[in-house]
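Protein chains in written order, with our numbering: chain E, 1 to 286; chain F, 1 to 112.
Simulated from the structure, these hints should not be mistaken for lab results. All the given hints hold, so there is nothing to weed out.
Computed beta-carbon distance windows for the label pairs: (1) E:Cys101 <-> F:Pro73: 19 to 27 Å; (2) F:Pro73 <-> E:Glu63: 17 to 25 Å; (3) E:Thr29 <-> F:Gly69: 56 to 64 Å; (4) E:Gly211 <-> F:Gln64: 54 to 62 Å; (5) F:Glu32 <-> E:Pro66: 30 to 38 Å; (6) E:Val116 <-> F:Arg107: 40 to 48 Å; (7) E:Arg255 <-> F:Thr44: 44 to 52 Å; (8) F:Gly83 <-> E:Pro158: 48 to 56 Å; (9) E:Glu63 <-> F:Glu37: 36 to 44 Å.
None of the values given here were measured: they were computed from a predicted structure. Positions of the beta carbon are idealized from the N, C-alpha and C atoms, including for glycine.
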Amino acid sequence: MKIAVASGKGGTGKTMVSTSLAASLSGQTSLSFLDCDVEAPNAHLFLKPNFTVEEPVEVPIPEIDPELCTRCGRCVEVCQYNALAKIGDQMLVFSQLCHSCGSCTLACPEHAIHEVGKPIGLLRQGKTSHGIDFLHGELSIGEPMPTPVIREVKKATPPGSPLTIIDCPPGASCSVVTAIHDADYVILVTEPTPFGWHDLNQMLGVLKQTGTPAGIVVNQDGIGDRTIEKQLADLPLPILMRIPFREEIAANLARGDLLTEILPEYEAAFQMLYRQILEQTQRSAA
Amino acid sequence: MILFITAQGKTLEDLFNTKFGRTPWFIRFDSESEEWEAFENSATAQAHGAGVAAAQFLIDRGAQAVVSGRFGPNAYQALSAAGITMLAQPDDSKSVQEVIDLWQAGRLETVH
Numbered sequence: 001m002k003i004a005v006a007s008g009k010g011g012t013g014k015t016m017v018s019t020s021l022a023a024s025l026s027g028q029t030s031l032s033f034l035d036c037d038v039e040a041p042n043a044h045l046f047l048k049p050n051f052t053v054e055e056p057v058e059v060p061i062p063e064i065d066p067e068l069c070t071r072c073g074r075c076v077e078v079c080q081y082n083a084l085a086k087i088g089d090q091m092l093v094f095s096q097l098c099h100s101c102g103s104c105t106l107a108c109p110e111h112a113i114h115e116v117g118k119p120i121g122l123l124r125q126g127k128t129s130h131g132i133d134f135l136h137g138e139l140s141i142g143e144p145m146p147t148p149v150i151r152e153v154k155k156a157t158p159p160g161s162p163l164t165i166i167d168c169p170p171g172a173s174c175s176v177v178t179a180i181h182d183a184d185y186v187i188l189v190t191e192p193t194p195f196g197w198h199d200l201n202q203m204l205g206v207l208k209q210t211g212t213p214a215g216i217v218v219n220q221d222g223i224g225d226r227t228i229e230k231q232l233a234d235l236p237l238p239i240l241m242r243i244p245f246r247e248e249i250a251a252n253l254a255r256g257d258l259l260t261e262i263l264p265e266y267e268a269a270f271q272m273l274y275r276q277i278l279e280q281t282q283r284s285a286a
Numbered sequence: 001m002i003l004f005i006t007a008q009g010k011t012l013e014d015l016f017n018t019k020f021g022r023t024p025w026f027i028r029f030d031s032e033s034e035e036w037e038a039f040e041n042s043a044t045a046q047a048h049g050a051g052v053a054a055a056q057f058l059i060d061r062g063a064q065a066v067v068s069g070r071f072g073p074n075a076y077q078a079l080s081a082a083g084i085t086m087l088a089q090p091d092d093s094k095s096v097q098e099v100i101d102l103w104q105a106g107r108l109e110t111v112h
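Bound-form chain F, shown alone (with noise of 0.2 Å):
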């Protein structure tokens, strides 16, 4: 499976960011090989529909799970489109890896 998590900075040791189209980064990590990578994210750059682009972002790299605090309405249709399973985690404290533990022990809540 490939999980996206936004994230604070580029490591699994930087904090977990709320915000989805404005998150600083995207942490990939494949669950099979444990492998992970970060992805600077150009959306926060955008004045309009960032979540958008940060959406068309994630689905051109092959996501098929998002972990983020919420997603706004247009970046829910582009996610939801794509058939990306949306997971909400709204506590900011937690590191990047924390949020993969909590998803790895099947803790976090998918968003309908």
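Pulled out of the complex, with its shape left as it was, chain E reads as follows (with noise of 0.2 Å):
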């Protein structure tokens, strides 16, 4: 079972409402959380692993041997990202435009083109005191692409992984689908906002094509108008849990505590959540 947490707008509650969720259900199943926020992952200050494995994350380049290379310009040519440049003599690769398709190098008649491994961020491992197997990914910075290391860190999640929980990044591009590719269920967490409203229907609108069923998380309820109230009731999907807007709980999650341990109620209502989540995913596969 693969759960992931996505939200369309950020700053929703995905890392408070993900993080709680794994540490609700660690006592009952053996688990495994991936923060695909590779951009800005913060998941670990939460559960706080015990990093073990640090490994880079590499994506192939082009790298031209001049020797052989007559300039024909073909890889220029076929490279749909523009990524290289033929000058004069001189052949130009722009490694951050590339998207390791590895088409020059297929195409390139005389064999001049090889792939070197790029260094564009780091995979980390390690266990939490919870017994969970905890991942991330962290994008360097200035590197424009985080879909590699995505990818990359959900590889690595342990073979047999009962649960997997994975914590998503903000918006509705690649980085999300990415993340969500190949997950059972997708928990939207959302603020009853008009941004918030508006981001959540890009993320409705990303699940209308992979067709994963998914449930609604309401943050900061309180806020916001009736309007929107309206508009979340109105959706065909469960809202599986209404998190108050209370000035105890952003404090304490500011300095790095679980909402369940902020508020221990919440404990038995994620494991209820995750109960709602099986019922929901059993209907819609019979």
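Mind assembling these two chains? They're in different frames, but the hints should get you there.
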């Protein structure tokens, strides 16, 4: 079972929900937690894993052998990302534009191109005191492409993990699609504001394409207005949980506490939320 | 000297454009013969790397200098590797002809 926690809008409480869900279920099942928000991973601040593995994430980029290259320019023509340029006698590779598709290497009639690994981030793994297998990726500053790092985090999930919880990046673009790809369920965390509603709809558009079953957690419940409440109620998705807007929660989260540590009654509430998810996925499979 | 100018349209009367990679038109101006020609910029349709594609286009057409508003890091790298002089002109209310006049008067700033 893979559960992804996404939102559309940033700052709605994805990490709060995903870390507390993981902590609440850690007594029942062994589980893996993947922080796929690789541009700003922060779930480790709450689950506090002891990292024991750190390895670079690399992407293959072309390297051109100037001895074999005849400057025919075929590689420049086939590159869909304009990552190559032919300037007089010089071949330039713009590694940040390269999507590692391999077309240039395949197309080169002189076999003058081979691929070399370029580090773009880090993958870290460790265990938390709850016994959770914790993994996260961190994209290096200045690197524009988070998806290869997200894919490496997902690939490193311990095999046979009965439950995987994925903390997704914000937004509704490639990085989120990569993070939720192959998830069995998506929890959408939203806030009842026009911004929350707008970006939630972007995610609903993504889920329409993937067909993944989903439910909603309303965070900062009580802010915003009644129009949004009505719109949320009219969606064909269940509201799994409501978390009130309370200073006590915000202040303690800012210190790195889990929601279940701030308000212990949430442990049972998250266990109930998980049961709801199991029932909903069984129904949609039937 | 072969000068390229980023432009909104395809004549010297059209407005100058401050974007390099995604400018709709390039005007090629030959300062010796005073002849000019407009080229539509196919790089505007590119999802990625418009700056590199536009730079390659100019390099392939013998550019020696180019005037635009600003140059992105990839375009800058490609144009400087080709030894093309980059000149900055931030005012998009000027016409292409006015920009040529400024260049001929030596009043444009070189980008380093």
